[in-house]
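Chains as they are written, first to last, in our numbering: chain A, 10 to 298; chain B, 31 to 334.
For the record, the hints were derived by calculation from the structure and aren't laboratory data. Cβ atoms here follow ideal geometry from the backbone N, Cα and C, with glycine treated the same way. No false leads were slipped in.
Distance windows between CB atoms, simulated:
1. B:S103 to A:L28: 56 to 64 Å
2. B:F74 to A:E79: 42 to 50 Å
3. A:P72 to B:D89: 57 to 65 Å
4. B:L102 to A:E191: 52 to 60 Å
5. A:L275 to B:S189: 25 to 33 Å
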Amino acid sequence: MAIFTRAPKAEPILGQNRLVAALLGLLTWFIGLLFFFPLFWLVLNGFKEESVANASPTLIFDPTLDRFSEVTEANSGLLSFAEAFGNSFWIVLISTVLVMILAVPAAYALAIRPMRKWRDVLFFFISTKFLPIVGVIMPIWIIARDLNLLGTRTVLVVLYTAMNLPLAVWMLRSFFAEVPKELIEAAQIDGCSLLGQLRQVILPIVAPGLAATALLCVIFAWNEFFFAIQLNPTGASTMPVWVNSQQKFQGQFLAGLSAASVLATLPVVVAGWVAQKRMIRGLAMGAIK
Amino acid sequence: MATAVISHEEEVRRLQRREGWRRRLPILPALLFTIAVTQIPFLFTLFYSLTDWRIDTVDPRQFIGVENYTSLSGDKFFLDAAWVTVKMTVMAVLGSLIVGTGLALLLDRKFFGQGFIRTLLITPFLVMPVVAGFMWKTQMFNATFGVINWVLNTVGIDSIEFATKYPLASVVVVLIWQWSPFMMLIILAGLQGQDASVLEAARVDGATSWGTFRQITFPQLRPFLELGTLLGAIYLIQVYDHIEVIVGGQPGAKNLPFYIAQRSIGGGNRFGLASSYSIIVVIASIIIANIGLRVLSGLLEDDS
Numbered sequence: 010m011a012i013f014t015r016a017p018k019a020e021p022i023l024g025q026n027r028l029v030a031a032l033l034g035l036l037t038w039f040i041g042l043l044f045f046f047p048l049f050w051l052v053l054n055g056f057k058e059e060s061v062a063n064a065s066p067t068l069i070f071d072p073t074l075d076r077f078s079e080v081t082e083a084n085s086g087l088l089s090f091a092e093a094f095g096n097s098f099w100i101v102l103i104s105t106v107l108v109m110i111l112a113v114p115a116a117y118a119l120a121i122r123p124m125r126k127w128r129d130v131l132f133f134f135i136s137t138k139f140l141p142i143v144g145v146i147m148p149i150w151i152i153a154r155d156l157n158l159l160g161t162r163t164v165l166v167v168l169y170t171a172m173n174l175p176l177a178v179w180m181l182r183s184f185f186a187e188v189p190k191e192l193i194e195a196a197q198i199d200g201c202s203l204l205g206q207l208r209q210v211i212l213p214i215v216a217p218g219l220a221a222t223a224l225l226c227v228i229f230a231w232n233e234f235f236f237a238i239q240l241n242p243t244g245a246s247t248m249p250v251w252v253n254s255q256q257k258f259q260g261q262f263l264a265g266l267s268a269a270s271v272l273a274t275l276p277v278v279v280a281g282w283v284a285q286k287r288m289i290r291g292l293a294m295g296a297i298k
Numbered sequence: 031m032a033t034a035v036i037s038h039e040e041e042v043r044r045l046q047r048r049e050g051w052r053r054r055l056p057i058l059p060a061l062l063f064t065i066a067v068t069q070i071p072f073l074f075t076l077f078y079s080l081t082d083w084r085i086d087t088v089d090p091r092q093f094i095g096v097e098n099y100t101s102l103s104g105d106k107f108f109l110d111a112a113w114v115t116v117k118m119t120v121m122a123v124l125g126s127l128i129v130g131t132g133l134a135l136l137l138d139r140k141f142f143g144q145g146f147i148r149t150l151l152i153t154p155f156l157v158m159p160v161v162a163g164f165m166w167k168t169q170m171f172n173a174t175f176g177v178i179n180w181v182l183n184t185v186g187i188d189s190i191e192f193a194t195k196y197p198l199a200s201v202v203v204v205l206i207w208q209w210s211p212f213m214m215l216i217i218l219a220g221l222q223g224q225d226a227s228v229l230e231a232a233r234v235d236g237a238t239s240w241g242t243f244r245q246i247t248f249p250q251l252r253p254f255l256e257l258g259t260l261l262g263a264i265y266l267i268q269v270y271d272h273i274e275v276i277v278g279g280q281p282g283a284k285n286l287p288f289y290i291a292q293r294s295i296g297g298g299n300r301f302g303l304a305s306s307y308s309i310i311v312v313i314a315s316i317i318i319a320n321i322g323l324r325v326l327s328g329l330l331e332d333d334s
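Isolated chain A (complex conformation):
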């Protein structure tokens, strides 16, 4: 924890002079707004008529919710909004639950009761992240085809679990490592069973870390596109594939695509806003601590 608590009155590196400080504050505001501008524009376009969106950029228009209702109600027969949302919801939920079921015992074993060579095991998990997806996509496609799993939710559940597992072990280990050993020993001396130790001592301390890790898995799984489009491009597919299908090859689609993008992005962006600090702390601490 020490790494994040900073002594009071630490001088910032930039701007010790008051005028410079004020100017730097303004600059930060300007850059922050500039970074966010494309998203702001995307949201605006979602509320426009197609004819307004497909014209010279303007800030003045009559906002309408029609695009949102159009994209959610449209059904081309391949993948509707309701189907994609439902598929994404279940695939992300089940894969994240599986990741946690597999990762929590592993992280616990690596952090609290380390065996010999635990570091090698941890590095093995991380190193699987270095195996680019293209290194395995062909055999996976063939195996999925032979098992009749192409175009199913199952194949994505399995792959998203594998995709997020190394990261989850990595993050969770650092959260478990923060549990003071003395607390566990004290509980053991008091005759607390392993399950009791887990429930009463360890869980309360690591609960925020568990939540942050699960959330990061949710974000990565929700946004995943490559596996989804390659292995499951139609009816059983997910939100990124649905957004991709809103690009039309004829007629105007910009406003509709914007509305669809907002709907697909919003759940994860809001979740990320809520948990921003803890998530990255877990990532950074995984390596540093």
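Given chain A's structure and the hints, the job is docking chain B onto it.
Below, chain B without anything else, positioned relative to chain A:
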């Protein structure tokens, strides 16, 4: 009763073994799952890469040794894609690292609305890559409706169709937009871990801002910069979504992952050849990973 006599040492060893397995057991499910889904398919890829397998013909798969690999040096498409991969990864990692460090330094000060601006700056990282690609392509880069070109027009410059004219740069800009926030947060964690008394001492000794940054802050930030580089490289070497959405099939910004998918399951059906491309990407990644993990294991050293 001779059988009951077990030496003390043997008993201890037996208990230690049992204890060892009890400690290893919780790791096994995760380990076996990871091996089954990532390592075993990789062995298949290795095998395919030694064959001339084309899935679209009825010809049987033939073992051709390293022929796929020896043909790579003359394979213009492969070399182009490999070069694009290198350029794209290096530019995106360095770009987001530099922008992210700048943002972190700006954010690491007290000012009105700090939390709000940080939240705005984080948002690009949370956005679905497909959405980020579409948004930039149709609403920022586009020659007729794009905001960037609208700004250019008002200052008297003609519209440019960025995604067609500069496909690689367009993809890299979007990647930097998405990954700078990630780098920023990692570096911010490093900045906030600094010892304030050391900074204060430097100031009392009359060190300039730049001197303090170079001699005190930068060395302390190094592990965080290295971590950012490593994690960024892992993800950015296998970019697919942005390329698919922003430039699609057009040449100039196809990296190896995109090209491999196109030549195999994407309809090209050259499974043997494409597998050899995959193996090259994996070898390159292993080299980067080894350098990176060596650095990180240095960080883990005093934690044993």
